[in-house]
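In order, the protein sequence lines correspond to chains A and B. Every letter in the first sequence is one number past the one before it in the working numbering, and letter 49, counting from 1, is 49. Every letter in the second sequence is one number past the one before it in the working numbering, and letter 78, counting from 1, is 78.
Just so you know, these hints were derived from the structure itself, not from any lab. Keep in mind that a hint or two might mislead.
[Unchecked claim] Simulated crosslink set (BS3-like; lysine-lysine; CA at most 30 Å straight-line):
#1 A:Lys-194 <-> B:Lys-204
#2 A:Lys-192 <-> B:Lys-38
#3 B:Lys-38 <-> A:Lys-259
#4 A:Lys-112 <-> B:Lys-122
#5 B:Lys-181 <-> A:Lys-96
#6 B:Lys-182 <-> A:Lys-112
[To be verified] A few chain A positions that, by computed beta-carbon distances, are all more than 10 Å from chain B:
#7 Asp-13
#8 Lys-24
#9 Val-170
Note that beta-carbon positions come from the ideal geometry of N, C-alpha and C, so glycine has one too.
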Amino acid sequence: MTSLQVWRTFEPDSYYKTFLEHSKRPDSRNLSSFRPINIKVGTVTTAEGSATVRLGHTTVMCGIKAEIATPTLRHPDEGFVVPNVELYPCCSPMFKAGPPGERAIGLSQFLKNVITSAEVLLPSDLCIVPNKFAWCLYCDVVCLNYDGNLYDASLIALMAALQNVLLPEVSYDEESERTTVSPEKTLPLKLKRKPVSSTFTMYSESIQLVDPTAEDEEQGGGEVTLVLLEDGSLCTIHKPGGHSIASNFLDKFIDLARKRVTLVNSAIHKAVAERKV
Amino acid sequence: MAQHACELSFLSRSDGSALYSIGLNVALASVNGPGDVKVSNRLYNRSHLEVCYSPSTGHSMIRERALESVIMRTVEQAILVHLHPRTAINITIQEMQSDGLALSASVNAACMALLDAGIQMKTTFAAVTCCITPSGTVIIDPTEAEIQESVAEATFVFESSGEASVLTAHQDGRLSYEDFKKCLHHCQVASKDVFAFYRRMTEKKYQNEIES
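Build the full structure now, drawing on both the sequences and the hints.
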């Protein structure tokens, strides 16, 4: 073991702090740069839509299965989108086997909030026959390798998978009450908006790190996630506790976050276009 | 701002409890601790925090579990957890009535219950919810109906220090960054009233003890 590795193992706090004093991180990024994104869509052939996203070492896969369900009585012409995030023990020693923990549930709720807030797709677009049949999209997001920033990675995976979904045409004959599903005729989803999130972790009062790795998250005192839409408006802000921060905390990040929206959306667009070819 | 009301030591068997209401939203918080903790949750240098949130109707689903997580991380910043190693502090919140401000009422009830239990905190915290109408007006402590009509809704939890720094923030709906800052500013101003209310309530409690 080199002396640098010894230092990293036995004194992780001071090792990390020394990097920050030079405004750098152990992975040689500076404090406001993002990791490169790698997106592939259609990776799960048995699912209606899927995508695998890599954000540095963080790998997240999203698979969307569509099922026909009965709409609720209160909203008879609306379908459902059900995001579910699973953090298996294979991705990090932090997670144990068993029912979803606090982190997985927080992520699932975050994805649900973003889809509803941004109105990514209209629930009425998922309706086949009011009161009888509607599509229910089960979006399973699985983390394969955890290296921080699951908020951004899961949202990118979910949005890319949604743009890859092809739903078969369903026709319903009222007289004979027969439903016919034609798997050859498939239609993509109509997405109204494409939200993109940017996360940063608060190390101290004055130091914030954008796109944290697992080490950054462990050293820091909580994350803040901003979700923006293509027109630059805010869709969701998520700061669940963690270190307190001054009220002008977002001024620094709003511009970075806006640039990221165009970058991520064009990366997803490119990946989806590649798949069609 | 809606009418805030609070009754401390509402439950006789808890270490601390508070029945807190904001308008028609009522939440009951009960705090027990620092006390026994399971071996699996025992931490050598700090107390283990557990929050249990029960909705007014229905079973506890993913939404309630997510709220528990947010409340736990907020409270963790306020309580001096390192004073009580190898113990657990349990906070149970029962949503009695909800008119759109469930999170605010619960967070404020938790703060008052912690004060009532006498658990050492480095700061008190106050939650304020606001919504912004399509015409751009900011309404503090809106009703459920006002939230449905609004464009966006935001909840902030502030610390009671001078600059009222933000402990927790949650925003839903679409709005511009300038409107977001407007909401944040209005909520910050309203939080001063909430802290003044906490002060009045605790003074009232100790007033009775001194006199009797």
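Hints versus structure:
1. At roughly 52 Å between alpha-carbon atoms, Lys-194 of chain A and Lys-204 of chain B are farther apart than 30 Å, so this suggested pair is violated.
2. In summary, the hint linking Lys-192 of chain A to Lys-38 of chain B is not supported, as the alpha carbons are separated by about 48 Å, beyond the 30 Å threshold.
3. Restraint check: the Cα-Cα separation between Lys-38 of chain B and Lys-259 of chain A comes to about 47 Å, which exceeds 30 Å; the hinted pair is violated.
4. This hinted pair does not check out: Lys-112 of chain A and Lys-122 of chain B have alpha carbons roughly 34 Å apart, beyond 30 Å.
5. A C-alpha spacing of about 40 Å is found between Lys-181 of chain B and Lys-96 of chain A, which places the hinted pair above 30 Å, so the restraint is violated.
6. Straight-line distance between C-alpha atoms of Lys-182 of chain B and Lys-112 of chain A comes to about 26 Å, which keeps the hinted pair within the 30 Å bound.
7. Listed as a non-interface residue, Asp-13 of chain A keeps its Cβ farther than 10 Å from every Cβ of chain B; the least gap is roughly 14 Å.
8. Against chain B, the non-interface label of Lys-24 of chain A holds: every CB pair exceeds 10 Å, the least being about 27 Å.
9. Residue placement check: Val-170 of chain A keeps its beta carbon more than 10 Å from all beta carbons of chain B (closest about 29 Å).
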